[in-house]
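Peer 1: Protein sequence lines correspond, in order, to chains L and H. As numbered in our numbering, residues 1 to 267 make up the first sequence, in order. As numbered in our numbering, residues 1 to 267 make up the second sequence, in order.
Take these hints with a grain of salt, some might be off.
When chains are identical, the list treats them as one kind, so a pair holds in a single copy or across two.
[To be verified] Straight-line Cα separation of at most 27 Å, BS3-like style, residue types lysine-lysine; simulated pairs:
hint: 1; residue 1: LYS204; residue 2: LYS111
hint: 2; residue 1: LYS162; residue 2: LYS176
hint: 3; residue 1: LYS196; residue 2: LYS162
hint: 4; residue 1: LYS204; residue 2: LYS216
hint: 5; residue 1: LYS195; residue 2: LYS161
hint: 6; residue 1: LYS195; residue 2: LYS162
hint: 7; residue 1: LYS199; residue 2: LYS161
hint: 8; residue 1: LYS162; residue 2: LYS199
hint: 9; residue 1: LYS196; residue 2: LYS216
hint: 10; residue 1: LYS161; residue 2: LYS196
hint: 11; residue 1: LYS161; residue 2: LYS176
Derived from the structure by calculation, the hints contain no laboratory data. Remember, it's a predicted structure, so these values are computed and weren't measured experimentally.
There are 2 protein chains.
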Amino acid sequence: MKKNTTNSIGIFDSGLGGLTVAKSVNKLLPNENIIYFGDTARVPYGSKSPETVIKFSLEIVNFLISHNVKMIVIACNTSSSYAINKIIEQINIPVTGVIEPGVLEALSKTKNNKIGVIGTNATINSNIYSNKIRFQNKKIKVYSIACPLFVPLVEEGWLNKKITDSIIQEYLRTLKSASIDTIILGCTHYPLLEKKITKYFEKKVNIIDSGKVTAKYVKNILAKNGLLNRSKKKGELSFFVSDMPYRFSEQGSNFFGSEISAVRVDL
Amino acid sequence: MKKNTTNSIGIFDSGLGGLTVAKSVNKLLPNENIIYFGDTARVPYGSKSPETVIKFSLEIVNFLISHNVKMIVIACNTSSSYAINKIIEQINIPVTGVIEPGVLEALSKTKNNKIGVIGTNATINSNIYSNKIRFQNKKIKVYSIACPLFVPLVEEGWLNKKITDSIIQEYLRTLKSASIDTIILGCTHYPLLEKKITKYFEKKVNIIDSGKVTAKYVKNILAKNGLLNRSKKKGELSFFVSDMPYRFSEQGSNFFGSEISAVRVDL
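The following block holds chain L by itself, in its conformation from the complex (with noise of 0.2 Å):
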């Protein structure tokens, strides 16, 4: 296994939300080899304290560079906030979580200075968000809700459901009426009801979707540092999980985009 995933991209988060992270890089970045861990036997993080996120952080990046990673994406914002000091701290690899990419997108894209944060319990009550954005501008009103909901939501494949828009409304009803005209979608999960909350805002709101300027992210770090896989071929792409490989293979491949098959492994 190690030859093949030599120079791979390590990423990982609590379970399958960090999927829709893998699926931004593969797509921008197709000849990269991926490898992948989603920590199912311990998910979710967002319940837990940061000592315990960062134990279970500091195992699973020791489990990506026994592979020999030649980068680290915390695809999980629990993680990023909690774990990424730590993890920096660590290893001599470049790093990066999901949270400093979405908010400097936010940053760069918003008008009248009203940015809205959708997240878990965790991530919102973490002021992670709004505490990056009014670091760098504190001009800059912050509108955060939490909206434990629709992870399970998603997971229910609800994404067409009447139900979704009334959860949908009735968590986001306070940003319309605040007018922000940029969200950022703090959970990973979230990228999967993007259509809905792009109609429920009229389609006058931007929307960050943290997979997307990630990848960006991971391509600007390795070209600066000289990381870039030079190969024409298609990347390999490999996916671990702590535990129910054949569940999150079944679920999965909805957040990555395409089939996908995982093998357990203990940590």
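Starting from the known structure of chain L, arrange chain H on it as the hints suggest.
Peer 2: Same frame as chain L, now just chain H:
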């Protein structure tokens, strides 16, 4: 700690939900000491494999045994389904899960032999309820529906919202058309939706709350084994979690019905 908790009933769940069971046990047996363990670092169990759930459950049982509990109540449907046999094998005190008591109560209540079962994906996919019901009585028709949005709905506290009625209708419509006369709430979170579910069925259906029937079961087992606490003092209640004790205390009081404070322990 050991001194106080000897002669206690040990109750565990992957997280908060089992508190509805603990509440019922405490109500029926107010003089019993209870030690509750919520595995908040690894919640939920429903998306994990049987081997993983068994491993985690045995770790918790060992923790409870180290506090000299006289009985184990598995207040988690997933663990009741996957781990109860392994637990019974390994210890020599009485053990009950939440499934058996719910099944027996439903069998005693139904008149038209049509029973509905609702639960998480894991519980429903395991077919544990329908197998156990039909093992007792082949004439019974079981209608099982997974309702994965109910847990986040309850944790969000949306107990009185219109959306909750819509989601209940979406999930339970087929049970209504099937004219069930009895429904098992096969998840320890669901008793918080009991009022809305009763209303949806226009009070025409027996609602089986596993917590309540498990409490009766616990009382019977303790009585039969001469293990009931003869003290007239109010029992002591201790709550342990594997992560985030503060949040557990905060959210848990809704489930337990009165204030609780939790202590974090490593397993």
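Peer 1: Take the hints in turn and mark each one as holding or not.
Peer 2: Hints and how they fare:
Taking identical chains as interchangeable, the C-alpha atoms of LYS204 and LYS111 lie at most 27 Å apart only when both belong to the same chain, with a minimum of 12 Å there against 56 Å between chains. Taking the shortest Cα distances, LYS162 and LYS176 sit within 27 Å of each other both inside one copy (19 Å) and across copies (20 Å). Taking identical chains as interchangeable, the C-alpha atoms of LYS196 and LYS162 lie at most 27 Å apart whether they share a chain (10 Å) or sit on different chains (20 Å). For a Cα distance limit of 27 Å, the shortest separation of LYS204 from LYS216 inside one copy, 24 Å, qualifies, whereas the shortest one across copies, 57 Å, does not.
Within a single copy, LYS195 and LYS161 get their C-alpha atoms as close as 12 Å, and across copies as close as 25 Å, so both meet the 27 Å cut-off. When the C-alpha separation of LYS195 and LYS162 is checked against a cutoff of 27 Å, the pair qualifies both within a copy, at 13 Å, and between copies, at 24 Å. In this homomeric assembly, LYS199 and LYS161 come within 27 Å of each other (Cα to Cα) both inside a single copy, at 13 Å, and across copies, at 23 Å. Taking the shortest Cα distances, LYS162 and LYS199 sit within 27 Å of each other both inside one copy (13 Å) and across copies (22 Å).
With identical chains, the CA atoms of LYS196 and LYS216 are at most 27 Å apart within one copy only, with a shortest distance of 24 Å there and 47 Å across copies. For the identical chains of this complex, LYS161 and LYS196 are neighbours both inside a copy (10 Å) and across copies (21 Å), given an alpha-carbon limit of 27 Å. Within a single copy, LYS161 and LYS176 get their C-alpha atoms as close as 21 Å, and across copies as close as 20 Å, so both meet the 27 Å cut-off.
Violation of the numbered hints given earlier is absent; every hint is satisfied by the structure.
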